[in-house]
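Asks: Each chain, letter by letter, is given below.
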Amino acid sequence: MTKTNPGRFFEDYQVGQVIRHAVPRTIAEGERALYHALYPARHALYSSDVFAGDCGLEGSPVDDLLAFHVVFGKTVPDVSLNAVANLGYAEGRWLKPVYPGDTLRSESEVIGIKQNSNGKTGVVYVRTRGFNQTDEVVMEYVRWVMVRKRDVEAPAPQTVLPDLKSALSVEDLVIPESLTFENYDFELAGEPHRWGDYAVGEVIDHVDGVTVEEAEHMLATRLWQNTAKVHFDLTFRPEGRLIYGGHVISMARALSFNGLANAQMIVGLNGGAHANPCFSGDTIKAWSEVLDKAETDVPGVGAIRLRLVATKGGTAGELKGKDGKYLPTVLLDLDYWALMPI
Amino acid sequence: MTKTNPGRFFEDYQVGQVIRHAVPRTIAEGERALYHALYPARHALYSSDVFAGDCGLEGSPVDDLLAFHVVFGKTVPDVSLNAVANLGYAEGRWLKPVYPGDTLRSESEVIGIKQNSNGKTGVVYVRTRGFNQTDEVVMEYVRWVMVRKRDVEAPAPQTVLPDLKSALSVEDLVIPESLTFENYDFELAGEPHRWGDYAVGEVIDHVDGVTVEEAEHMLATRLWQNTAKVHFDLTFRPEGRLIYGGHVISMARALSFNGLANAQMIVGLNGGAHANPCFSGDTIKAWSEVLDKAETDVPGVGAIRLRLVATKGGTAGELKGKDGKYLPTVLLDLDYWALMPI
Amino acid sequence: MTKTNPGRFFEDYQVGQVIRHAVPRTIAEGERALYHALYPARHALYSSDVFAGDCGLEGSPVDDLLAFHVVFGKTVPDVSLNAVANLGYAEGRWLKPVYPGDTLRSESEVIGIKQNSNGKTGVVYVRTRGFNQTDEVVMEYVRWVMVRKRDVEAPAPQTVLPDLKSALSVEDLVIPESLTFENYDFELAGEPHRWGDYAVGEVIDHVDGVTVEEAEHMLATRLWQNTAKVHFDLTFRPEGRLIYGGHVISMARALSFNGLANAQMIVGLNGGAHANPCFSGDTIKAWSEVLDKAETDVPGVGAIRLRLVATKGGTAGELKGKDGKYLPTVLLDLDYWALMPI
Chain D
1 MTKTNPGRFF
11 EDYQVGQVIR
21 HAVPRTIAEG
31 ERALYHALYP
41 ARHALYSSDV
51 FAGDCGLEGS
61 PVDDLLAFHV
71 VFGKTVPDVS
81 LNAVANLGYA
91 EGRWLKPVYP
101 GDTLRSESEV
111 IGIKQNSNGK
121 TGVVYVRTRG
131 FNQTDEVVME
141 YVRWVMVRKR
151 DVEAPAPQTV
161 LPDLKSALSV
171 EDLVIPESLT
181 FENYDFELAG
191 EPHRWGDYAV
201 GEVIDHVDGV
211 TVEEAEHMLA
221 TRLWQNTAKV
231 HFDLTFRPEG
241 RLIYGGHVIS
251 MARALSFNGL
261 ANAQMIVGLN
271 GGAHANPCFS
281 GDTIKAWSEV
291 LDKAETDVPG
301 VGAIRLRLVA
311 TKGGTAGELK
321 GKDGKYLPTV
331 LLDLDYWALM
341 PI
Chain P
1 MTKTNPGRFF
11 EDYQVGQVIR
21 HAVPRTIAEG
31 ERALYHALYP
41 ARHALYSSDV
51 FAGDCGLEGS
61 PVDDLLAFHV
71 VFGKTVPDVS
81 LNAVANLGYA
91 EGRWLKPVYP
101 GDTLRSESEV
111 IGIKQNSNGK
121 TGVVYVRTRG
131 FNQTDEVVME
141 YVRWVMVRKR
151 DVEAPAPQTV
161 LPDLKSALSV
171 EDLVIPESLT
181 FENYDFELAG
191 EPHRWGDYAV
201 GEVIDHVDGV
211 TVEEAEHMLA
221 TRLWQNTAKV
231 HFDLTFRPEG
241 RLIYGGHVIS
251 MARALSFNGL
261 ANAQMIVGLN
271 GGAHANPCFS
281 GDTIKAWSEV
291 LDKAETDVPG
301 VGAIRLRLVA
311 TKGGTAGELK
321 GKDGKYLPTV
331 LLDLDYWALM
341 PI
Chain A
1 MTKTNPGRFF
11 EDYQVGQVIR
21 HAVPRTIAEG
31 ERALYHALYP
41 ARHALYSSDV
51 FAGDCGLEGS
61 PVDDLLAFHV
71 VFGKTVPDVS
81 LNAVANLGYA
91 EGRWLKPVYP
101 GDTLRSESEV
111 IGIKQNSNGK
121 TGVVYVRTRG
131 FNQTDEVVME
141 YVRWVMVRKR
151 DVEAPAPQTV
161 LPDLKSALSV
171 EDLVIPESLT
181 FENYDFELAG
191 EPHRWGDYAV
201 GEVIDHVDGV
211 TVEEAEHMLA
221 TRLWQNTAKV
231 HFDLTFRPEG
241 RLIYGGHVIS
251 MARALSFNGL
261 ANAQMIVGLN
271 GGAHANPCFS
281 GDTIKAWSEV
291 LDKAETDVPG
301 VGAIRLRLVA
311 TKGGTAGELK
321 GKDGKYLPTV
331 LLDLDYWALM
341 PI
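Top to bottom, those sequences are chains D, P and A. FYI, the numbering for the first sequence is 1 to 342, going by this note's numbering. FYI, the numbering for the second sequence is 1 to 342, going by this note's numbering. FYI, the numbering for the third sequence is 1 to 342, going by this note's numbering.
One or more of the hints may lead you astray.
Unchecked claim - Cut-off 20 Å, straight-line C-alpha distance, at most; resulting in silico cross-link-like pairs (SDA-like, lysine to any residue): (1) A:K229 <-> P:D185; (2) D:K229 <-> A:T211; (3) D:K3 <-> A:G88; (4) A:K114 <-> A:D163; (5) D:K3 <-> A:A316; (6) A:K3 <-> P:T315.
In case anyone wonders, no lab produced these hints; they're calculated from the structure. These numbers were taken from a predicted model, which means no experiment stands behind them.
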């Protein structure tokens with residue numbers, strides 16, 4: 001019997017099943033520093049303990065996406081080792097900031113399953129939760145992936161499709177306890193633009209770009225203990241190592257500082273698509289569109305719903321062709337909620 | 001109105017103006033580790049808490065140049081986004097060691113301004129100060145840059161040229177409180193050479209070299225939150241990403257360990273020129289020349305003034321051609337004061 | 001007189017000589033994070049403070065190989081700067097886990113010496129010890145290197161060959177104080193396979209691979225303050241920068257997680273050979289062979305002796321050709337003891 005992990009195939013999933021993922025991970029100042037080396041991250045709340053303290057937090061948390069990557073990375077050996085494609089995200093929520101010293105682990109519950117008509121693959125929906133060392137849920141999200149069948153002759157399971165929100169409403173969002181923007185210093189944050197300065201439909205070209213390198217995306221992907229072969233092994237994928245989609249998410253979010261410096265905390269993930277693959281040598285740029293705005297229960301804290309688009313060329317605001325398909329220059333189309341001073 | 005930062009143009013500067021830079025940054029063990037991964041840094045005071053403690057400090061500070069890069073990085077969006085060239089440095093002083101856990105921010109005061117005769121650009125002089133979380137100044141320096149005019153028709157401002165020292169005198173240098181070399185362990189420090197063993201005029205070939213890679217200089221430059229496009233975006237600069245001059249400074253200083261292992265702390269920056277651009281694939285080597293020596297008020301602590309030259313070829317000691325211009329192989333000519341056990 | 005380190009030549013070593021190496025180094029959370037970015041390291045004991053605490057430790061130590069690299073790196077300027085080849089390792093023992101905050105330094109004792117018959121080189125055997133800030137030995141190992149003579153006419157010293165064990169016995173191994181696998185969580189650790197599930201002679205193909213990049217191995221090698229020119233300077237070695245053998249060791253050990261996730265702690269190094277050089281662009285894969293098994297004094301803690309082979313191609317289990325020489329695809333052949341839950 002082989003002792004290495006062959007990964008799960010479509011037949012190995014049943015609705016209701018809960019998978020407790022290996023390997024727990026303590027996040028500390030090192031991971032925080034590496035995040036700043038890997039991405040041009042400048043949001044002040046994640047850069048300065050003093051700034052974060054002035055916002056009512058106990059210190060500067062690690063980037064929300066760093067928490068996401070760590071929680072996500074643990075699911076790869078159990079969920080996506082034999083995945084053909086990462087199809088989508090929904091109902092992502094950040095429930096508690098992650099601080100240096102916290103230890104994270106992940107669990108996924110299978111909430112939906114559907115065999116494809118070709119009989120060779122199927123779609124599996126999981127709700128993944130990230131826990132800290134005191135078993136509090138720090139974040140959760142739904143993702144669905146297309147997985148290979150081990151045996152194409154195996155009978156199709158009964159289709160179960162989860163009822164997923166197309167977008168979280170502002171009531172679904174969790175504002176970190178004690179968060180306040182009352183003493184918010186716009187000058188130190190880098191831009192004067194408040195929640196009130198953004199209009200629904202507004203498109204922001206973030207201008208800056210980063211040409212990505214093999215060493216960088218591999219350092220990042222390993223740091224999140226994501227083991228998917230396609231990111232690392234050129235003999236497995238001679239046409240080029242595929243860059244982890246989360247690397248593109250973090251790069252685009254960091255680039256969005258220029259124009260959205262005050263969209264400080266990510267609290268909700270409504271959906272996302274990795275429209276086209278990204279490779280070393282590509283220059284990632286980003287633009288955002290304001291999709292929605294809402295006030296929250298916390299005075300002074302506004303929620304802004306943003307479409308974040310990463311590209312390797314093209315024009316800000318252009319997303320899909322006449323055929324309704326993503327333009328070949330679009331890498332990522334992400335829909336998220338962030339918190340901003342009103 | 002665009003929400004992204006267009007950067008300041010020459011017309012946007014007035015003498016006396018104080019710019020409070022975004023984004024504050026907490027420096028911790030992660031940044032210290034990355035500094036050791038990015039540069040072959042071996043000076044013992046910055047490598048070991050125990051060695052630093054034996055020298056009277058509360059622990060090992062982060063590298064003086066790390067503090068410089070962080071303070072400098074914050075100024076880029078406000079000072080050099082539209083800069084044509086970084087012309088010079090003067091009167092740089094390290095006033096207080098920066099320890100893991102400290103939070104840094106920067107301010108710059110415009111101290112000089114002069115339009116160039118071509119009417120298209122001008123020179124701006126700023127004195128930049130880095131502050132820690134208790135608003136103590138940890139370092140300061142003057143730098144001048146050539147900046148584009150927004151409107152070539154705009155009238156020239158009155159020229160103000162700051163009165164800058166060509167070099168700091170030993171009285172200008174600040175020795176960190178409680179620093180002592182009384183228990184200095186030369187064996188652990190790596191070399192037996194004391195302050196008394198160096199002669200003014202002496203040239204030291206540091207022998208070692210590092211062939212630099214794109215991923216490395218981008219990791220470093222991002223870590224200092226330096227956002228200048230030229231370092232990251234190959235579509236912006238198709239002829240090659242320009243390596244941040246500070247990367248060359250740190251690489252050369254680290255290489256200078258071999259021959260100057262006991263030049264522990266950098267306390268003064270007299271001047272510096274980035275003589276030629278550096279690109280990925282270049283092999284950086286370094287040599288130093290002893291320019292001056294002085295005793296300080298602290299018994300056992302000597303000051304040594306060094307010229308640090310980074311090259312991509314050429315011979316140690318050769319700096320300029322017959323035309324008085326830097327040789328094409330010279331990358332950096334830096335003039336600084338360091339502290340050494342007498 | 002040159003102030004740079006020319007390195008020791010064969011004539012500079014005498015049996016009994018103790019070399020106290022520069023530069024002490026404080027290891028912290030940053031080094032731990034970088035280890036996870038540089039290698040696909042997933043062993044739970046080194047990933048999670050909580051998991052390590054459940055195993056009776058005070059927190060998650062830094063990877064055993066990280067400690068080895070730091071201790072080893074310090075010896076390079078004194079032992080292997082003029083080395084022609086790194087010939088072997090023996091009697092390596094990890095005596096005490098290294099925790100973030102510890103400061104390491106190294107000493108080597110010359111325990112053997114033999115001039116080669118060509119009269120141009122000789123072999124030097126050293127026993128190196130790594131000490132922490134309270135002067136406890138955290139690890140030790142013997143290594144022998146071939147070193148150039150300064151003067152081929154110098155007379156040969158009397159040959160002294162140390163009496164080295166071909167392998168440590170289980171009695172030689174030191175189990176960290178208070179280590180227990182009583183509460184061991186196999187699910188969180190990533191695999192169900194216990195000590196009892198492995199058979200002597202069993203070969204495990206670790207399946208995964210990593211295509212290595214210049215920036216990565218240089219970041220790693222610098223982090224361990226290893227200064228050997230061949231790893232960094234393409235003008236010194238135009239045929240390609242040689243990847244530090246320890247980089248290959250760490251990569252292979254991390255890859256071995258897939259099949260050996262519960263071989264948690266490395267406690268003994270019986271021997272090792274860097275069979276062929278590794279260069280940027282090579283794809284490192286790994287396989288292991290179970291060489292021996294033994295119970296330890298600690299109930300529930302088993303020792304497993306493993307051959308870890310890193311390759312750049314070839315088939316798991318194939319090590320040497322008919323000529324008795326390593327296959328050209330074999331990079332590393334390492335023989336070590338690890339601790340596993342019984």
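Asks: Is the Cα-Cα distance between K229 (chain A) and D185 (chain P) 20 Å or less?
Replies: violated, 26 Å
Asks: Between K114 (chain A) and D163 (chain A), is the straight-line Cα distance small enough, at 20 Å or below?
Replies: Between K114 (chain A) and D163 (chain A) the Cα gap is close to 14 Å, so the pair holds against 20 Å.
Asks: Is K229 (chain D) close enough to T211 (chain A), meaning Cα to Cα at most 20 Å?
Replies: holds, 10 Å
Asks: Is K3 (chain D) close enough to A316 (chain A), meaning Cα to Cα at most 20 Å?
Replies: Holds, because 14 Å separates the two Cα atoms, which is no more than 20 Å.
Asks: Does G88 (chain A) sit within 20 Å of K3 (chain D), going by the straight-line distance between their CA atoms?
Replies: violated, 30 Å
Asks: With a cut-off of 20 Å on the C-alpha distance, tell me whether K3 (chain A) and T315 (chain P) pass.
Replies: holds, 17 Å
In terms of the numbered hints stated before, the structure departs from hints 1, 3, listed from lowest to highest.
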